[in-house]
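Chemist: Spelled out from the first residue to the last, the chains are:
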Amino acid sequence: MPSVSRRANAVAIAVAIGWIAFGLVVAIAAWRMDRLTHLRISPYSIPGLVPGILGMLMVVFGWVLLARAKASGAAAADADGQDGIDLPPATRSARDGLINALVAGALCVAFAAGFLGRGLPFTATAAGFIFIFVMLFSWRESAAETFAAGRLARSLLQAAAVSLGAAFLLAWLFADVFLVRLP
Amino acid sequence: MLAASLAGLAGPTQILYALGATLAGMLIGILPGLSATLGIALFTTLTVRLAPTDAILILVCVYVGAIYGGSRTAILLNIPGTAANAAACLDGNMLARQGKAGRAMGIATTGSVIGSMFGVVCLATFTPALAEVALKFGAFEFFWLAMLGVLMSGGLTGDDPIKGWLMGILGLFVAQIGLDPIHAHPRFTFGWNEMAGGINLIPALVGAFGFAEVLVVMSEPAAKLIVRTLDSVLPRVRDVIQYWRTVLRSGVIGVFIGILPGVGEDMAAWSSYAAAKRFSREREQFGHGSVEGLIAAETGDNAAIPGAMIPALALGIPGSAPAAVLMAAMIIHGVQPGPMLMINQAHFVYDVVAITLVATLAILLFGLILVRPMLWILQVPRTIIMPIVFVLCVLGSYAIAGRVFDIWVMLVVGLVCFLLRKQGFPVAPFVLGLVLGDIVDKSLRRGLVLSDGSLLPFFARPISALLALLVIVILLMQVRAVTRQLRRLRRAPAASVARPD
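One line per chain: the protein sequences are A and B, in this order. Those letters in the first sequence? Residues 1 to 183, by the numbering used here. Those letters in the second sequence? Residues 1001 to 1501, by the numbering used here.
One chain only, chain B, in its complex shape (with noise of 0.2 Å):
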């Protein structure tokens, strides 16, 4: 199946969509401000009108293209063009200081190529298992499953798990307007036809992505790029073998952090990271331009990629913020996500692997070939790729169902998620919560009616209760920190008082 499904992107079109697709997710990633979610979200709705394989394989290029050409940006200019290339920052950018920019990229590139190869075997291998042990999921499960989303993402994607909580909350909460899914019968519609149909999730991931991004970026001062000249930036083999448990093992850490829900490349990365420099032999070079730091980061950030997949499609649950997007667009295609994927379309499962494979051959092809004229892209002034980001953005949010509203939605969404941002709420729990919100709602309420209104079942079934159990061990740590935050103020305030901005 697989080999058909690779055959089947061997035609002159669907290599153009690749290469074009791959080369502008590089050029989104590279761009400072613009993430992988919105790359995506904004290729969604250009691809709208494509068969759904063609539209699949541009997005999937987009995603894998992105998370790749952020690291450029960590290496050449010290920030990171997607959250996911934050841990490469550390030892990237030394190395660029240290006159070797060309060989950090090569490391980058082979650590991603590694990592997404990795991934891709993993994709292929977990995702019909998974979905063969979710058939058994019922509307337990799959409540307490979209509820560990939201909280590990909301737990784990800023530096502080009430703010990302109350982020989750408030996607889950935006996801009830509308129709309600079982009675149909409106909810916070206030009346307005418009608002019926619910909130489209496309417009709101453009302006919690897109146009605070937009604001974001022109509120920061500009940043500079340092490095102008590079060596060579061939991959070396010697890098590979004499990390290859770095590399195994930052490629095991991105696909298990990618299949958990929620959490995204960018945990993959420093987790990735965290565990190299623990094992490492030269653990004082981290920080200082370590080549296996900076190839554990970007092996378990790009095996992340494929493993947030396997989640998506195997449970109709996103591992991370782009992954949602991504599953979203397969939704709009008329693909349904989750168990019975499997069993009705198997061979869109291995048209993904097939289809992520293809992006990765294209991040070597242009990691090898195409560096220096991508450069080019980090010195045009801000001023100039802001406003055409924000017009993408309400293209973008006009082209999926041709509404004004749609706009405005952008608009709004995209005000209150910069205000959020300026005080410390992460964005990513918000998209989770946005995805996950018609499964929280149907699964709850359906498994009440099941039971007849007995808490039992969400806590006596085996896999619905080992689900419950991670849900209540993260909400019980929380709370134990929260509770000796407090007292610690209370007792030592001159010591301990918090970052409040």
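Only chain A is shown next, with the shape it has when bound in the complex (with noise of 0.2 Å):
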């Protein structure tokens, strides 16, 4: 059984690069900042000191992750007598939970950065999208209780009923008990 995998210590080894590409971004754009001399500022005060030093933390942390990756991915390769080790094939409950992160977040964006703040009703949008989340992850999880023949309508109208009372609720509480402008 394979401890490390190829595509495992890639991701790893890409992260650390991130890490360090940013931190190093940080620091160069901070030792780029105005040290505003025209305002006769103490050196010790400039704006970009923090940042700096933020900066070049990540590029120090960020290498450490970087070296710990490489020697992990050299002992596997090592203790297998070979360049690496290939990605056993992902299981489907894994394959499925990316799925599911993928097809989330991609609702949740469209509702909040695509719907949202143009226009469109607060209650009937939060309705839509809680509506379109039950029934796409009710399907997702169980089609064949969901869309059985004679449960489809029960489905359809309790995600329905769930959608209409939350959005209508969470307006509510906040719009008319706590005074929150919606968005």
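Quick caveat, the hints were computed from the structure, so don't treat them as lab data. Computed from a predicted model, the values in this text were never measured in an experiment. Where is the CB? At the ideal position from N, CA and C, for every residue including glycine. Worth double-checking, as some hints may not be accurate.
Unchecked claim - Partial selection, computed: residues in chain B whose CB lies under 7 Å from chain A:
id, residue
1, 1165
2, 1240
3, 1242
4, 1384
5, 1385
6, 1395
7, 1398
8, 1404
9, 1445
Two chains, two separate frames, one set of hints: put the complex together.
Modeler: Quick look at the structure:
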């Protein structure tokens, strides 16, 4: 049984490089930041001081992650006498989980960034989002139960009741009870 | 002053707020994936127009209720409702599998109430004392204290301190975005007006703990309720008397760990559990349904709640991620936590003590009378709960300032935190970094200006030297651990390959 996968190791290396790159960008941006010499401020209070230090720390710790990921990959390759180990086929639940997260993320972003703040009434938009989310994931998690003959109408009614109830309740709670503006 | 604070909470509105918020907190704690931090962040947006004491009453009740409520999920699903209840899974769920779910809940209630009460006493006693000591703190001490918070949170909240520290540093960096607090110079704003105001804490937290959590929950298999029937949930006095040493020890450990900057309730529960196991006469029972183990874990995590509020109130350095949000909420409501709080608004400290006491009584009440109805919430499918949580996240992000930009902040932070969490990066240090970023920035630069660029005062002043020593020891310990790990990987590859994902 392989203890480390080539793909997981590649991801760990990519993440470490990502941190180093981000840290470098932050450090360079901080270095190039205006030092406000025309205001004759103390050189120890320049705005880029702390971001610069933080950028450098990201580079240092990113480098530690990189060294560890590389050593871990090399150790696995040595142990198996090959160049690395191929990932065993992803399990169905892991693949489903990834697809679920992608679908949920896309729905959430579409609702929050695509529809809100564009003049559509909040309650209707929220109810629509909840309805689609409930139906889509009910289908993904138990298609047989949701769409079996005679159950579809019940599933649709349930989802509609939940989405309308939740949207109206939340809108009322925020807008009327706690006097907060809705997007 | 405490009596006056308690009297102020005796009005019908305040009682209604306390009961409602504690119940809401318990429901948040019961739902796997929803944390106390998210609960406080969302309720901060709801309570923004209330009077400061009423708002803090609601937030503290949500905090105490959520940490307590999470034990229900730990016992019945073997999934911690909040991170603080992870230690309770070990014995709580085993007791449930043995048909003693009701007794396990009774023990959790007893432990939580005693732990919280003990913490309340410490909160009332230590906060004024610590605030007095903190009056001697200057920029140098605050710099090290904030760094210590980020390092300890990063080092202790996840499996890998390096990843925790990176998240802490990321939080510190995000806090630098916006106008520089000393010279009002824009930093990393890219000419965007909305960015000049900085990244608002609440939308960022809602993204990190709300949106990211929705994605994490949806990406994992659904949990199933294993226990549907309950025996008596009434706490047994005999359990407390038999394990009084464990209860006392766990209370002390919980408060101490709560006081440590940035460590939090989960570490308090684990440490209390480990100490109970170490000194127990029934060590072999631990992990197999030990009453002592469960009572230790639940006493520890609840004692850490008031413990975490002590440095938040006295120093302005939160003891845990939920306390960080609570502190931010105090600032929104015009209360400035820190050494001057005892001088300017001493009554507020006693208000918080009284509020925590009321919240503790509320969890005792609900823990006894609302066990079965609250279990229904565990049977609601996540496909219904998660979209509602996301709508709450959107509303919560928008409500604080009425800006669509904050919804975008929530989305971006949520997506980034989801991806990083999937790679094993903990989110709690990010929160601590975000809250402490301003203190680190101002303290370092003010300290350097005061000392004309000399680093000596950062190491030579007595308290500063002690804090610096702690920071250096934590860093050196990790340098040693990493060096050893790298050497081991290079020397003995087959046996010691680290878990990458």
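Chemist: Compare the structure with each hint and give your call.
Modeler: Cross-check of the supplied hints:
{"no.": "1", "hint": "1165", "verdict": "6 Å, holds"}
{"no.": "2", "hint": "1240", "verdict": "39 Å, violated"}
{"no.": "3", "hint": "1242", "verdict": "43 Å, violated"}
{"no.": "4", "hint": "1384", "verdict": "6 Å, holds"}
{"no.": "5", "hint": "1385", "verdict": "10 Å, violated"}
{"no.": "6", "hint": "1395", "verdict": "5 Å, holds"}
{"no.": "7", "hint": "1398", "verdict": "4 Å, holds"}
{"no.": "8", "hint": "1404", "verdict": "4 Å, holds"}
{"no.": "9", "hint": "1445", "verdict": "4 Å, holds"}
Hint check: violations occur at hints 2, 3, 5; the rest are consistent with the structure.
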